[in-house]
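So the chains spell out like this:
Number of protein chains: 2
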Amino acid sequence: MTNIEPLKELLRIPSVSTVHQGIEECAEKVKEFLEEAGFETQIIETKGHPVVFGEKKGKTDKTLMFYDHYDVQPPDPLDEWESPPFEPEVRNNRLYARGVADNKGNLMARLEAVKSFDELPVTIKFVVEGEEEMGSPHLEGFVNDNKDLLKADGCIWEAGYKDVAGRPTMFLGAKGLCYVEFRVKGANRDLHSASAVIVESPVWRLVRALTSLKDENERILIEGFYDDVNPPDKEELDLVDTIPYNGDLTKKILGIDKFLLDISDKEAVSRILYASSCNICGIHAGYTGKGSKTVLPCKAMAKVDFRLVPDQDPEKVFNLLKAHLKKHGYSDIEVESMGPLWPAKTSFKERFVTVVKESMDAVYDKEAVVYPTMSGSGPMWLFTNVLNIPTVSIGVGDAESRAHSPNESINLTDYEEGTQVIKELINRF
Amino acid sequence: MTNIEPLKELLRIPSVSTVHQGIEECAEKVKEFLEEAGFETQIIETKGHPVVFGEKKGKTDKTLMFYDHYDVQPPDPLDEWESPPFEPEVRNNRLYARGVADNKGNLMARLEAVKSFDELPVTIKFVVEGEEEMGSPHLEGFVNDNKDLLKADGCIWEAGYKDVAGRPTMFLGAKGLCYVEFRVKGANRDLHSASAVIVESPVWRLVRALTSLKDENERILIEGFYDDVNPPDKEELDLVDTIPYNGDLTKKILGIDKFLLDISDKEAVSRILYASSCNICGIHAGYTGKGSKTVLPCKAMAKVDFRLVPDQDPEKVFNLLKAHLKKHGYSDIEVESMGPLWPAKTSFKERFVTVVKESMDAVYDKEAVVYPTMSGSGPMWLFTNVLNIPTVSIGVGDAESRAHSPNESINLTDYEEGTQVIKELINRF
Chain A
1 MTNIEPLKEL
11 LRIPSVSTVH
21 QGIEECAEKV
31 KEFLEEAGFE
41 TQIIETKGHP
51 VVFGEKKGKT
61 DKTLMFYDHY
71 DVQPPDPLDE
81 WESPPFEPEV
91 RNNRLYARGV
101 ADNKGNLMAR
111 LEAVKSFDEL
121 PVTIKFVVEG
131 EEEMGSPHLE
141 GFVNDNKDLL
151 KADGCIWEAG
161 YKDVAGRPTM
171 FLGAKGLCYV
181 EFRVKGANRD
191 LHSASAVIVE
201 SPVWRLVRAL
211 TSLKDENERI
221 LIEGFYDDVN
231 PPDKEELDLV
241 DTIPYNGDLT
251 KKILGIDKFL
261 LDISDKEAVS
271 RILYASSCNI
281 CGIHAGYTGK
291 GSKTVLPCKA
301 MAKVDFRLVP
311 DQDPEKVFNL
321 LKAHLKKHGY
331 SDIEVESMGP
341 LWPAKTSFKE
351 RFVTVVKESM
361 DAVYDKEAVV
371 YPTMSGSGPM
381 WLFTNVLNIP
391 TVSIGVGDAE
401 SRAHSPNESI
411 NLTDYEEGTQ
421 VIKELINRF
Chain B
1 MTNIEPLKEL
11 LRIPSVSTVH
21 QGIEECAEKV
31 KEFLEEAGFE
41 TQIIETKGHP
51 VVFGEKKGKT
61 DKTLMFYDHY
71 DVQPPDPLDE
81 WESPPFEPEV
91 RNNRLYARGV
101 ADNKGNLMAR
111 LEAVKSFDEL
121 PVTIKFVVEG
131 EEEMGSPHLE
141 GFVNDNKDLL
151 KADGCIWEAG
161 YKDVAGRPTM
171 FLGAKGLCYV
181 EFRVKGANRD
191 LHSASAVIVE
201 SPVWRLVRAL
211 TSLKDENERI
221 LIEGFYDDVN
231 PPDKEELDLV
241 DTIPYNGDLT
251 KKILGIDKFL
261 LDISDKEAVS
271 RILYASSCNI
281 CGIHAGYTGK
291 GSKTVLPCKA
301 MAKVDFRLVP
311 DQDPEKVFNL
321 LKAHLKKHGY
331 SDIEVESMGP
341 LWPAKTSFKE
351 RFVTVVKESM
361 DAVYDKEAVV
371 YPTMSGSGPM
381 WLFTNVLNIP
391 TVSIGVGDAE
401 SRAHSPNESI
411 NLTDYEEGTQ
421 VIKELINRF
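Which chain is which? The protein sequence lines are A and B, in order. When you line the first sequence up against the working numbering, it's residues 1 to 429, in that order. When you line the second sequence up against the working numbering, it's residues 1 to 429, in that order.
Hints in this document: simulated from the structure, not taken from any laboratory. One thing to keep in mind: the hints can contain errors.
What follows is a list of derived Cβ distance ranges for each label pair [said to hold, decoys possible]:
#1 A/K252 to B/R183: 21 to 27 Å
#2 A/R183 to B/K266: 30 to 36 Å
#3 B/N246 to A/Q21: 35 to 41 Å
#4 A/E32 to B/K290: 26 to 32 Å
#5 B/P84 to A/S83: 37 to 43 Å
#6 B/D311 to A/S83: 54 to 60 Å
#7 B/D227 to A/P231: 37 to 43 Å
#8 A/R183 to B/D241: 39 to 45 Å
The beta carbon of each residue, even a glycine, is placed where N, CA and C say it ideally should be.
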């Protein structure tokens with residue numbers, strides 16, 4: 001069995017990037033683990049949190065890279081955790097802790113695999129950043145400044161999850177992301193709500209502005225939003241048709257009766273891979289405590305994320321959003337863009353994709369399912385579009401892993417097998 | 001000068017009814033003050049917070065009643081207070097504390113006035129409740145159970161404010177209130193926001209449901225909402241035409257460039273007195289902290305108040321709202337009604353109104369302005385409609401009093417003069 005103690009040690013560090021918690025400590029710990037495994041290691045400063053870089057030479061210069069991140073999502077709501085988020089606990093062969101699936105478990109499974117080689121057949125590089133959960137705002141600068149250091153022939157991306165039927169998955173792309181905070185101001189202070197007959201409410205303005213962004217069929221109403229969408233070709237859609245998907249089981253796990261818009265399983269897969277979205281991550285204004293308070297709030301805010309598909313550009317989308325707000329009379333609404341991410345995609349015809357699949361199929365009892373892209377986002381475009389490295393995302397999570405949610409966990413058997421897959425890949429690469 | 005020490009003592013008790021804080025202590029303190037002033041006093045239990053009742057016989061049975069409340073609004077946002085809300089502080093001849101304007105300052109000014117009489121010419125009754133800031137949910141039961149005890153020939157209502165030009169005001173009515181909490185549920189947990197392409201968002205449902213309630217011209221779109229509105233007659237509108245109103249000064253104080261819908265001063269007065277409203281007191285969902293968190297929240301909530309005018313019925317409005325939500329496909333949204341209040345109005349032709357005005361004009365250097373009703377709400381309808389007592393609201397606040405907001409205060413000269421007015425009224429009644 002793979003030793004899980006180093007992983008537990010890493011999970012105990014509450015490296016919540018969005019509140020700048022435990023960052024230096026966690027970066028140092030990753031560096032220490034890499035050095036113990038014989039890597040030449042550097043902590044490379046950025047304008048934000050540092051990147052840990054490690055390189056270990058193999059028999060050839062052919063280079064396999066691992067992209068991971070040592071930061072995690074905030075653990076709240078805390079009261080919904082069955083065990084404390086930063087005190088890893090094993091229950092029923094699952095390891096529970098914030099970040100265990102996304103992405104510390106993957107980082108450590110990869111490192112354990114590398115450690116099992118007395119002599120590496122290929123060169124291995126680790127790039128472990130500390131701002132992925134904030135939208136990787138400084139990784140672009142890091143990549144542009146270190147292009148030589150970052151040369152590689154294939155890259156294994158941060159995370160992956162078995163599907164609801166227990167099939168391992170491979171993801172060959174990621175959506176882009178345009179994350180925006182909206183802020184609206186009203187009077188110079190909260191007022192008695194009797195004033196609402198003569199004083200405009202920033203809450204109503206925010207609610208109406210949000211409503212103007214999307215219709216009831218999920219069509220985003222920002223002018224020009226869909227202009228750059230580059231839909232998949234027939235060959236890719238044929239591959240998508242082979243993806244098995246158990247919608248009923250997904251719905252059961254999520255506790256919902258039907259999918260959004262009551263779509264079929266096939267449409268769900270299509271939307272997961274190819275639909276842009278506009279989601280409200282958070283909204284707040286006024287009094288939200290117990291009982292009633294009759295107040296006209298003086299400010300309101302919301303956080304909204306747009307997921308983007310090839311070839312949408314998050315900076316262009318942000319500008320289109322500003323134009324939309326202006327056009328609809330909401331130019332007083334302040335919008336701030338946070339960490340834009342571009343969509344990324346590696347062709348399923350790449351040899352690297354085939355090798356990764358063979359490595360997985362050698363370990364798992366179920367055949368790996370190839371997804372031409374994924375529903376989530378990340379800085380993968382820096383590796384595919386800027387560094388030109390074929391990139392595939394796989395990992396040790398499953399359909400119960402609850403990434404970004406309370407009670408995040410992985411199955412320890414998946415951790416063991418995920419380590420084996422990386423060993424196979426290093427040998428076959 | 002009127003002694004302000006008893007008032008400060010009362011203000012130090014944080015009697016925030018909506019969180020059931022300091023209630024018994026404050027009721028006991030009011031009882032103690034009334035007893036010290038020679039009142040026969042009882043603490044009358046209700047299904048909620050108790051009512052303090054006091055009666056002091058005068059030379060005649062003619063009875064003047066004071067309605068007040070010993071509870072206050074929550075003090076938050078706490079960080080916006082210049083001095084702690086429950087540590088009364090005098091700065092520039094103003095007394096600052098939560099509840100000083102709404103309504104402990106009025107209660108104590110009235111009591112100080114009564115105390116100045118060796119022998120009262122009329123009988124005085126005090127009704128001091130502890131749930132006004134929660135919408136007085138149990139006062140109706142109290143009034144129905146104690147109709148004999150509550151007989152009176154005129155009632156002075158809880159609060160009043162000088163206008164922006166420093167003119168004292170009299171309010172002869174109050175709006176009704178239908179306060180509703182909305183709760184929407186989605187998946188069984190918060191999800192990674194990548195799922196937003198296939199899982200319906202309770203936040204979007206809430207935002208859309210709210211948007212469906214009102215159009216951009218402030219017209220409430222709930223079917224039947226306006227059916228029972230009984231508009232004022234010509235004589236009353238002529239009275240309203242005499243009300244002076246300095247819109248520019250109001251806007252300056254509130255820090256706004258223009259009124260809602262860019263209305264004129266005259267329209268503002270009309271809306272203050274006669275417009276129903278639908279206001280979002282608070283809204284919350286998901287992550288609203290620093291930075292970005294990409295989450296699809298599993299629940300969303302909002303608190304909404306509808307202000308109502310004669311003869312709208314808050315229970316009927318709540319039922320119409322439920323029908324509206326059902327009709328628009330939002331029957332899954334849970335709505336809870338909190339403390340309905342009916343609209344109330346005393347005719348400006350009543351003799352009691354004239355006597356109150358004469359008492360005010362005898363004290364203040366500016367003539368009192370008569371408002372046929374007020375923008376705020378309260379349980380006044382129990383006194384006007386159920387007990388049939390002519391009721392007028394006056395008080396010691398001014399345009400800077402910031403009731404319900406941080407840094408609530410009164411001018412100490414207004415406190416002094418407010419006490420004089422009550423003395424005049426007791427003599428003239």
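These are the hints, each one checked on the structure:
Checked against the hint of 21 to 27 Å, the C-beta distance between A/K252 and B/R183 comes to roughly 23 Å, which is consistent with it. A/R183 and B/K266 have their C-beta atoms about 33 Å apart, which keeps the hinted 30 to 36 Å range intact. Distance hint check for B/N246 and A/Q21: the Cβ-Cβ separation is about 51 Å, which falls outside the suggested range of 35 to 41 Å. Judged by the Cβ atoms, the range 26 to 32 Å given for A/E32 and B/K290 holds: they are separated by roughly 29 Å.
Between B/P84 and A/S83 the CB atoms are about 39 Å apart, so this pair conforms to the stated range of 37 to 43 Å. At roughly 57 Å, the beta carbons of B/D311 and A/S83 sit within the given window of 54 to 60 Å. One distance hint, 37 to 43 Å for the beta-carbon pair B/D227 and A/P231, is violated here, with the actual separation near 51 Å. At about 40 Å, the beta-carbon gap between A/R183 and B/D241 stays in the expected band of 39 to 45 Å.
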